[in-house]
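Asker: So you can see what is in the structure, the chains are spelled out below.
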Amino acid sequence: MKLKKTNIEQIALRKRLVSSIIFGLLFFTIVILSFLYVKTQSTLLGGTPSVLRHSFEWNEKVWSKLTSKTRLSVHKPKPPKGDVPRINGDIGLDDDIDLKTYTVYIESGNKRLSLPISAFYAAPKVGYSTDFRCIEGWSEEIQYAGVRFSDFIKLYHVGIKADGSYYSYVGLETPDKKYYVSIDMESMLHPQTVLAYEMNEEPLLDENGAPLRLVIPIKYGIKNLKRIGKIFFSDTRPPDYWANKGYDWYSGF
Amino acid sequence: MKQKQVQILEKHSRILRYTHWLNFVFLSLMVWSGILIYWADDAWIKIPNQVAEVLSIKFRLAEGLGWHFFIMWGFSLNGLIYVLYMIKSLEWKQIVPNRQTFKEAIFVILHDLKLSKHAPITKTKFNAAQRIAYSSAILMGAGSVISGLAIYKPVTLGFLTNMLGGYRAARFEHFCFMIGFILFFIVHLIQVARAGWNNFRAMVAGYEIEKD
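Which chain is which? The protein sequence lines are A and B, in order.
In terms of numbering that gives the first Met the number 0, the first sequence is numbered consecutively and its last residue is 252.
In terms of numbering that gives the first Met the number 0, the second sequence is numbered consecutively and its last residue is 211.
Pulled out of the complex, with its shape left as it was, chain A reads as follows (with noise of 0.2 Å):
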């Protein structure tokens, strides 16, 4: 391919590089002026512009359109038995806890449940291996074990509305309340999310969240909230402690 050739009166050539130039200098004042104007917005949640959160939510609409309520996250070759997966992250584990009185707090329209950890023992066991995904970058494969969410809400009755549909989020939160989350319910009857005891074939540690957690591998660590206190069930959504500090809600993959 040969480039065009062709004859400019030189005045008419002068005028087309000033045109531009100033076309050029006017696109990166726009560009600056648009960053600025994203940055300094105000700030709807956790110091993210609203611009930005309006894309994390524009983002979630896609999304969570295009995944399939069913497709696991990927299945891995379980670690070595007793391996301590990674720790990270101590909020809301401050207090000591006694297995023999631990109890966890059911909140479903009118229902109060208090439920003891035997409960959960008793209940039917799930595991799978996979990759468990921290939002700061790293993953790690871990194995867990405990009760799918969807085999206890049955099994409880509970997170069903008197018309029998369910509510749309789940609300969950530590005992001494201060780390939070809420998950839309279809991520929560995934098949891979359990309220689990066991990880990499041991009981919980205390640091990744004994006696009971979330393990949620459809979804950042951030929602895999350690050390259950209560689960209650509404249709506006509970607050999220991560995603008061600015980041994106639905954290789903």
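Since the hints were derived computationally from the structure, they do not count as laboratory data.
Check before you lean on any hint, since a few could be wrong.
The list that follows gives simulated cross-link-like pairs (lysine-lysine, DSS-like), each with its CA atoms no further than 27 Å apart [claimed, not checked]: (1) B:Lys92 / A:Lys4; (2) B:Lys87 / A:Lys1; (3) A:Lys244 / B:Lys57; (4) B:Lys122 / A:Lys1; (5) A:Lys75 / B:Lys152; (6) A:Lys153 / A:Lys176; (7) A:Lys244 / B:Lys45; (8) A:Lys38 / B:Lys57; (9) A:Lys1 / B:Lys57; (10) A:Lys244 / B:Lys10; (11) B:Lys10 / A:Lys1; (12) A:Lys3 / B:Lys87.
Part of the chain B face toward chain A, derived, beta carbon under 10 Å [said to hold, decoys possible]: (13) Ile36; (14) Thr100; (15) Phe101; (16) Lys102; (17) Arg167; (18) Glu207.
Output of the computed footprint for chain A on chain B, the stretches with three or more beta carbons under 8 Å from beta carbons of chain A [claimed, not checked]: (19) 44-55; (20) 138-148; (21) 152-159; (22) 195-201.
A virtual CB, placed ideally from N, CA and C, is assigned to each residue, including glycine.
Based on these hints, arrange chain B on the given structure of chain A.
Answerer: Just chain B now, with coordinates in the frame of chain A:
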């Protein structure tokens, strides 16, 4: 009185210039926000604390993610428009390397490093080294989008993640593409500075004045 005529070459079309400069903006923002994200777990190249402080990139993960997943749409769309344009206009023939390119590129590089006095004669829009550099940049763009999707949605797009060797591998590949872009950018800047105004003006106004 008759005006003086100048002979010009139409070097870069309007759409090519627009996508080029938009890409400059989008890619810079992607690299910047990517570094804000990378700081949270600097797995392969450690960012020294002092550097992080000077660049003010510490504890800005949420902000980095916000920008990254916002600008990604513009970056991808702009790249797609560019590639479709290259295909449709047949301009891809000007940048895709051909049989002689790799051999010629060695001579171009030797010449540019002043190790050889003989510049290979370039009859086409770009010389051999440019062809390789620009083709790689396009491939890196595609690679960064694909590896980015693989770590952004490793369940929904799990087939991509598997194809790239798993989550951790895909993350590493994504990081390598970023390093590649930074290296490309440095060389590109040096070469543009060396080539001078006539060449740079073509990316601003489209034309180059032909030298005899």
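Asker: Which hint numbers does the structure go against, in order from smallest to largest?
Answerer: Failing hints, ascending: 9, 10, 14, 15, 16, 19, 20 and 22.
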